[in-house]
Amino acid sequence: TGGHTTEILRLLSCLSESYSPRHYILADSDKMSEVKIRSFEEKRSETLSSSQFTLHRIPRSREVRQSWTSSVVTTLYSMLYSFPLTYKLKPDLILCNGPGTCVPVCISALLLRLLGIKRTIIVYVESICRVETLSLSGKILYYFSDYFIVQWPDLKEKYPKSVYLGRIV
Amino acid sequence: FRFKDSLAEDLRRADLVISHAGAGSCLETLEEGKPLIVVINEKLMNNHQLELAKQLQRDGHVLCCNCSTLVETLKSMDLSTLKPFPRGQPEKFALFLDEVIGFQ
Numbered sequence: 018t019g020g021h022t023t024e025i026l027r028l029l030s031c032l033s034e035s036y037s038p039r040h041y042i043l044a045d046s047d048k049m050s051e052v053k054i055r056s057f058e059e060k061r062s063e064t065l066s067s068s069q070f071t072l073h074r075i076p077r078s079r080e081v082r083q084s085w086t087s088s089v090v091t092t093l094y095s096m097l098y099s100f101p102l103t104y105k106l107k108p109d110l111i112l113c114n115g116p117g118t119c120v121p122v123c124i125s126a127l128l129l130r131l132l133g134i135k136r137t138i139i140v141y142v143e144s145i146c147r148v149e150t151l152s153l154s155g156k157i158l159y160y161f162s163d164y165f166i167v168q169w170p171d172l173k174e175k176y177p178k179s180v181y182l183g184r185i186v
Numbered sequence: 006f007r008f009k010d011s012l013a014e015d016l017r018r019a020d021l022v023i024s025h026a027g028a029g030s031c032l033e034t035l036e037e038g039k040p041l042i043v044v045i046n047e048k049l050m051n052n053h054q055l056e057l058a059k060q061l062q063r064d065g066h067v068l069c070c071n072c073s074t075l076v077e078t079l080k081s082m083d084l085s086t087l088k089p090f091p092r093g094q095p096e097k098f099a100l101f102l103d104e105v106i107g108f109q
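Those sequence lines, one after another, are chains A and B.
Residues are numbered in our numbering as their position in the first sequence, beginning at 1, plus a constant of 17.
Residues are numbered in our numbering as their position in the second sequence, beginning at 1, plus a constant of 5.
If you're looking for bench data, these hints aren't it; they were derived computationally from the structure.
It cannot be assumed that every hint is accurate.
Stated by the list, open to error - Dumping the calculated BS3-like pairs for lysine-lysine here, alpha-carbon to alpha-carbon at most 25 Å:
#1 A:K156 x A:K173
#2 B:K39 x A:K173
#3 B:K97 x A:K53
#4 A:K156 x A:K178
#5 A:K178 x B:K39
#6 B:K39 x A:K175
#7 B:K39 x A:K53
#8 A:K60 x B:K59
#9 B:K97 x B:K80
#10 A:K105 x A:K135
#11 B:K97 x B:K48
#12 A:K60 x A:K48
#13 B:K59 x B:K88
#14 B:K80 x A:K156
#15 B:K59 x B:K80
#16 B:K59 x B:K39
#17 B:K59 x A:K175
#18 A:K156 x A:K175
#19 A:K175 x A:K135
#20 B:K39 x B:K80
#21 A:K156 x B:K97
#22 B:K48 x A:K173
#23 A:K135 x A:K173
If you're wondering where the values come from, they're calculated on a predicted model, not measured in any experiment.
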């Protein structure tokens, strides 16, 4: 969604051509992000050799400030879509930055790992907006990601296993 | 104005921006190099939105106020005290990721 998409596209902006093909997973209710992604990929193809990208949609796993218990239900529902999708794609790397949409995808990847089907590297970058506290996705994925990146020093102190590279968006 | 596609054009022409504490608005404005006054409405906002606004104020990039102190802030502000906002460095992320994945 919105801010998350802008941030993640900035994260992608300096990645080499080796990071292909790219699969973008969006919430079904998200209209704006598709426009931003297509525009980014079009611009990218001007300088880098054209590489593949695909957009996929899954049900939104949580509305803003949705209650915890109903979020579990909606996240499980999203997993009905995210698990088959992740299974099909078997990504080498998952890069996410916090929208609820990323949680079912990462859980799916973890399941694939437990089942011995695919070992995906999960990299989580907490949003620049998060200065002192983590988002809910962040709190969950801090324990389940391979690399957890924060953009402010306060968070690095509070979450010692995180990686601090300064502001990267 | 309500739902313009992009405020980028208006932003470029502005001399001063007064905004709510939304992260997108703040960061876009700062990256454009415009002086920014952030109006905080604690009743309406998520706590976490406040975090960024407060940090930006601490670092000297924006002035913060609330609805009732806005006029006073506008009268007494000294925009020259605002520090330029350095751009983020996604290249550092790229380097980190290359190392992690094992790309040379």
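Results of checking the hints against the structure:
1. A:K156 x A:K173: holds, 13 Å
2. B:K39 x A:K173: It is violated: about 29 Å lies between the C-alpha atoms, which goes past 25 Å.
3. B:K97 x A:K53: This hinted pair holds, its Cα atoms lying about 23 Å apart.
4. A:K156 x A:K178: holds, 12 Å
5. A:K178 x B:K39: violated, 36 Å
6. B:K39 x A:K175: violated, 32 Å
7. B:K39 x A:K53: Distance ~24 Å between K39 (chain B) and K53 (chain A) Cα, so the pair holds.
8. A:K60 x B:K59: Since the Cα atoms of K60 (chain A) and K59 (chain B) sit roughly 35 Å apart, the hinted pair is violated (cutoff 25 Å).
9. B:K97 x B:K80: violated, 41 Å
10. A:K105 x A:K135: Status holds; Cα separation ~11 Å.
11. B:K97 x B:K48: Distance of about 37 Å is beyond 25 Å: violated.
12. A:K60 x A:K48: holds, 20 Å
13. B:K59 x B:K88: holds, 15 Å
14. B:K80 x A:K156: violated, 42 Å
15. B:K59 x B:K80: It holds: about 21 Å lies between the C-alpha atoms, which stays within 25 Å.
16. B:K59 x B:K39: holds, 18 Å
17. B:K59 x A:K175: holds, 18 Å
18. A:K156 x A:K175: Cα-Cα ~12 Å, so holds.
19. A:K175 x A:K135: Answer violated: K175 (chain A) to K135 (chain A) is near 31 Å, above 25 Å.
20. B:K39 x B:K80: holds, 18 Å
21. A:K156 x B:K97: Roughly 24 Å between the alpha carbons, so the hint for K156 (chain A) and K97 (chain B) holds.
22. B:K48 x A:K173: violated, 29 Å
23. A:K135 x A:K173: violated, 30 Å
Checked against the numbered hints given earlier, this structure breaks hints 2, 5, 6, 8, 9, 11, 14, 19, 22, 23; the rest are met.
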